[in-house]
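> Chains as they are written, first to last, in my numbering: chain C, 22 to 409; chain W, 22 to 409.
These aren't lab readings, by the way, just hints derived from the structure by calculation. Incorrect hints may appear among the rest.
Stated by the list, open to error - Restricting the straight-line Cα-Cα distance to at most 27 angstroms, the calculated cross-link-like pairs of lysine-lysine (DSS-like) are: (1) 186(W) - 61(C); (2) 186(C) - 114(W); (3) 118(W) - 114(C); (4) 185(W) - 294(W); (5) 118(C) - 114(W); (6) 61(C) - 186(C).
What the hints assert, rightly or not - Output of the computed footprint for chain C on chain W, the stretches with three or more beta carbons under 8 angstroms from beta carbons of chain C: (7) 23–35; (8) 40–53; (9) 61–74; (10) 150–161; (11) 184–192; (12) 350–356.
To be verified - Residues from chain W shown here face chain C by an in silico Cβ test under 8 angstroms; the list is partial: (13) 120; (14) 124; (15) 177; (16) 258; (17) 259; (18) 270; (19) 271; (20) 367; (21) 368.
All residues carry an ideal CB built from backbone N, CA and C; glycine is no exception.
Protein chains: 2
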Amino acid sequence: MKIIQQDFSVRFTYPVIFTEHLFSIENQSFIQLFPNSTTKAARVFFVIDSEVTAAHPTLVSAIAKYMDHFPQLEQIHVPLIVPGGEQCKNEPKWVDKILEMTSLHGIDRHSYITGIGGGALLDMVGFAAAISHRGIRHIRIPTTVLSQNDSGVGVKNSVNSFNKKNYLGTFAPPYAVINDSDFLLTLHERDWRAGISEAIKVALIKDLAFFERIEQDAEALASRQMPPMQTLIWRCAEMHIQHIAGGDPFESGSSRPLDFGHWAAHKLEQLTKYEIRHGEAVAIGIALDSTYSMLKGMISEADLNRILTVFAKLGFDIFHEDLLKKGENGTLSVINGLHEFREHLGGELTIMLLEKLGKGKEVHEMDTDLIEKSLQLLQKQHYSQQMA
Amino acid sequence: MKIIQQDFSVRFTYPVIFTEHLFSIENQSFIQLFPNSTTKAARVFFVIDSEVTAAHPTLVSAIAKYMDHFPQLEQIHVPLIVPGGEQCKNEPKWVDKILEMTSLHGIDRHSYITGIGGGALLDMVGFAAAISHRGIRHIRIPTTVLSQNDSGVGVKNSVNSFNKKNYLGTFAPPYAVINDSDFLLTLHERDWRAGISEAIKVALIKDLAFFERIEQDAEALASRQMPPMQTLIWRCAEMHIQHIAGGDPFESGSSRPLDFGHWAAHKLEQLTKYEIRHGEAVAIGIALDSTYSMLKGMISEADLNRILTVFAKLGFDIFHEDLLKKGENGTLSVINGLHEFREHLGGELTIMLLEKLGKGKEVHEMDTDLIEKSLQLLQKQHYSQQMA
Chain C
22 MKIIQQDFSV
32 RFTYPVIFTE
42 HLFSIENQSF
52 IQLFPNSTTK
62 AARVFFVIDS
72 EVTAAHPTLV
82 SAIAKYMDHF
92 PQLEQIHVPL
102 IVPGGEQCKN
112 EPKWVDKILE
122 MTSLHGIDRH
132 SYITGIGGGA
142 LLDMVGFAAA
152 ISHRGIRHIR
162 IPTTVLSQND
172 SGVGVKNSVN
182 SFNKKNYLGT
192 FAPPYAVIND
202 SDFLLTLHER
212 DWRAGISEAI
222 KVALIKDLAF
232 FERIEQDAEA
242 LASRQMPPMQ
252 TLIWRCAEMH
262 IQHIAGGDPF
272 ESGSSRPLDF
282 GHWAAHKLEQ
292 LTKYEIRHGE
302 AVAIGIALDS
312 TYSMLKGMIS
322 EADLNRILTV
332 FAKLGFDIFH
342 EDLLKKGENG
352 TLSVINGLHE
362 FREHLGGELT
372 IMLLEKLGKG
382 KEVHEMDTDL
392 IEKSLQLLQK
402 QHYSQQMA
Chain W
22 MKIIQQDFSV
32 RFTYPVIFTE
42 HLFSIENQSF
52 IQLFPNSTTK
62 AARVFFVIDS
72 EVTAAHPTLV
82 SAIAKYMDHF
92 PQLEQIHVPL
102 IVPGGEQCKN
112 EPKWVDKILE
122 MTSLHGIDRH
132 SYITGIGGGA
142 LLDMVGFAAA
152 ISHRGIRHIR
162 IPTTVLSQND
172 SGVGVKNSVN
182 SFNKKNYLGT
192 FAPPYAVIND
202 SDFLLTLHER
212 DWRAGISEAI
222 KVALIKDLAF
232 FERIEQDAEA
242 LASRQMPPMQ
252 TLIWRCAEMH
262 IQHIAGGDPF
272 ESGSSRPLDF
282 GHWAAHKLEQ
292 LTKYEIRHGE
302 AVAIGIALDS
312 TYSMLKGMIS
322 EADLNRILTV
332 FAKLGFDIFH
342 EDLLKKGENG
352 TLSVINGLHE
362 FREHLGGELT
372 IMLLEKLGKG
382 KEVHEMDTDL
392 IEKSLQLLQK
402 QHYSQQMA
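Chain C with its partners taken away, still in its complex shape (with noise of 0.2 angstroms):
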């Protein structure tokens, strides 16, 4: 037996821009992603979410003569337009649909697929691009404040196939990011919210000063002011491109150092099959992984309590009736949940709880007798609220 090692290293590097109104002729945001050849244009098929055609309706037009007025570009085709949401990513079809274009356009690793839509139609779009000709540019434009600070500045892209959430995908850098504020205006007010419990997530784990602002700023939110969402935004994303980049990019190995409050919410959005939205239950779990570390001593009453006020200012629910769903098994669903999430980590439980306001800390077991009595309080604390 002789070995021959192989070892090497590939960089990643990629902007994610903050703009508004990117497709005024002005906006310098898009233009300056491409080489600037007099030669050989930079050809852009773009795939947009209809939910973001329908609150946009000039925004197709919009594209169209800002690919017209700079020679550097070309549009190939029309925009392909896809309904959004989870459904995109359950219909083959989708993927296949653009596969197709870029086999019909010559839509090749010198030219460019433009996303433009949510988290979901954000993965499907990438994981189509990254399996075409082993990886076309791949530029995302998310639209809701959910993927603009987590999931769209990320490497990931999925589809769900078997029934299964994100069960095929790969991680592929993408060429570009731009977050531009304008497509938030007319997000649906359930939208607007879901997308703060992740930067309360990462703020409760790892910035104590973050969470203190949004603590401020939770009426400004709630009343949909848009200077303050930009801060979060911002904040938020750059964190989450911080953990890529100091940690495990791809993934190789089993920690999840970033999914506090996320083992009850990915069993919550299943049992309520998915009428929730990922943040609401994501606010859910992150209630109930904070009652647990108070009920362990870890953190006081009184932290609890800061976070969740916070939760009840910004509207969101702490609590849902489908966590006292019993499984066939006669136990709770959501601890049936926790151990479909230790099968998912590869055996060993790894989970994030809170040691204090801004510093999270990972345990490898939890006591589901202290889970069951947080779901007791969460669920009382709910009605208080709701009363009051």
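Following the hints, position chain W against chain C.
Chain W alone, transformed into the frame defined by chain C:
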């Protein structure tokens, strides 16, 4: 406009192991790849080329015995046997079948998918593994000369789609590669020979000493002696591995320095409807570009003769009549192939030629008259060899 610049590197390492009698109980090559855990067995799923199981009828039972012998190993289901060759990359059902197995048997990111077969089968299995769960660990056991010294030790996977070769795929370094020379014993004559052309290719553009070694060993290689073949595969694989690590592993640029002889080879494969092997086409492509290099005054006639003599000793044809086919535009199809290659590279042509034996030189244009002259010279040489 504000920007956060993401910037990180990901390190990839994997061993390429050279051995014999891989699945004998006393062989450590396979078992040593896995953690020596007493609590949790490594779960491994095998996908095997049907040509390999036909030539090695005891392989499946040897694997079962090996997996049974070690408590740290657990075989998932029985091996999936897939018809090898290009056809398994054309039919989506094989990727789908592997994905279905991952779902049915809980094959996750902590499990392993091992492919055993020729380059086409490994490309297909690697693609299925790369897109499940954002990448299941993938072990490659190449069974042909070509896959052991070239594609199998690299980082690419693919399937064909829209009638285009390698249309879908990713860059995904394997978990490990194991080259067992026993598999070479049963290769067809043509496959034994065809894989040698990639070794001649890297030798000619990078390593005169290696080329001279192949010259010395040519008769021994032609008579299927194993030691010179093991030496050839080792050195060729080593150079391929070094090239990947030293250059642009995921091909973000457009240079393809290892594509010596390949522009004409790709076209010839297509013109012959894949009746000639890739390696056979590469030999002809090398003969053509070497002849062109001589006519351009870059190498001497004596140098060219050394190259053509090695091919002749090994039993390669250095010409194929389909090179004289004309396209719909009245031009030689192979010249059209040059333009297609330019498009494939994204507009700028880069072709590797020879400035001396053991040293390549990239050029950015080719003289079509000189290509035609090269073809005539090769044709003449070919028929004089045939007569001899």
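> Against the structure shown, which of the earlier numbered hints fail to hold, in ascending order?
Those not satisfied are hints 6, 9, 12.
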